[in-house]
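Taking the hints into account, I'd like the entire structure generated from these sequences.
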Amino acid sequence: AQRVTQPEKLLSVFKGAPVELKCNYSYSGSPELFWYVQYSRQRLQLLLRHISRESIKGFTADLNKGETSFHLKKPFAQEEDSAMYYCALSDKAAGNKLTFGGGTRVLVKP
Amino acid sequence: AAGVIQSPRHLIKEKRETATLKCYPIPRHDTVYWYQQGPGQDPQFLISFYEKMQSDKGSIPDRFSAQQFSDYHSELNMSSLELGDSALYFCASSLGVRRGVGNQPQHFGDGTRLSIL
Numbered sequence: 001a002q003r004v005t006q007p008e009k010l011l012s013v014f015k016g017a018p019v020e021l022k023c024n025y026s027y028s029g030s031p032e033l034f035w036y037v038q039y040s041r042q043r044l045q046l047l048l049r050h051i052s053r054e055s056i057k058g059f060t061a062d063l064n065k066g067e068t069s070f071h072l073k074k075p076f077a078q079e080e081d082s083a084m085y086y087c088a089l090s091d092k093a094a095g096n097k098l099t100f101g102g103g104t105r106v107l108v109k110p
Numbered sequence: 001a002a003g004v005i006q007s008p009r010h011l012i013k014e015k016r017e018t019a020t021l022k023c024y025p026i027p028r029h030d031t032v033y034w035y036q037q038g039p040g041q042d043p044q045f046l047i048s049f050y051e052k053m054q055s056d057k058g059s060i061p062d063r064f065s066a067q068q069f070s071d072y073h074s075e076l077n078m079s080s081l082e083l084g085d086s087a088l089y090f091c092a093s094s095l096g097v098r099r100g101v102g103n104q105p106q107h108f109g110d111g112t113r114l115s116i117l
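One line per chain: the protein sequences are W and V, in this order. Using my numbering, the final residue of the first sequence is 110, and nothing's skipped along the way. Using my numbering, the final residue of the second sequence is 117, and nothing's skipped along the way.
Among these hints, one or two may not hold up.
The calculated DMTMM-like cross-link candidates involving lysine to aspartate or glutamate, where the alpha carbons are at most 25 Å apart (straight line), are [to be verified]:
(1) W:K57 with V:D42
(2) W:K22 with W:E54
(3) V:K52 with W:D91
(4) W:K65 with V:D42
Keep in mind that the hints were calculated from the coordinates and are not lab data.
Structure (structure tokens):
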């Protein structure tokens, strides 16, 4: 069975500092990984998907199959980055359902 | 751009009552997913539909049922409600996996906050 782990429940950084959100997964097949962000009282929004290899809002994430990780990084955090971040894995074998990690709350202090 | 629409946004029910949550996917999306997010928890997959057929089932209680209609909107029916059913229920939509372009990203609605008294 697939599993997604986000070891940090809360990350608190100062504005302008780098931030890295860890995500590890276990999956027997070829996974597709996503990062979703949930700002206060808003819907889950897709931030990144690993196959896109793009940078959104300054965030990047690289899939490391050897370490089974998909860490999210941003070199200079902004206050508007304060939100809940979920790493998710898509299960191709079962109709694309998402398995979410426990989430990491990011707080960017001024 | 049009997004996933869920109704109602908030719903208050008492124990043992029934509730119906509705989800209208993004136009041309043929796949709908339901997730339940309890207080302080990550979203948990409940059930999904592709082209009006159930495509996968997760941790959905037997008291719940769902269906997808010909216009691709979906309804989640919940009966014999319990206190533990209080949660935020998200619907998401995507293009179907079987279109041969790999897994499509899911787009989420604002959710329905269900409170059981």
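Right, here's what the structure says about each hint:
no., hint, verdict
1, W:K57 with V:D42, "holds, 23 Å"
2, W:K22 with W:E54, "holds, 18 Å"
3, V:K52 with W:D91, "holds, 20 Å"
4, W:K65 with V:D42, "holds, 24 Å"
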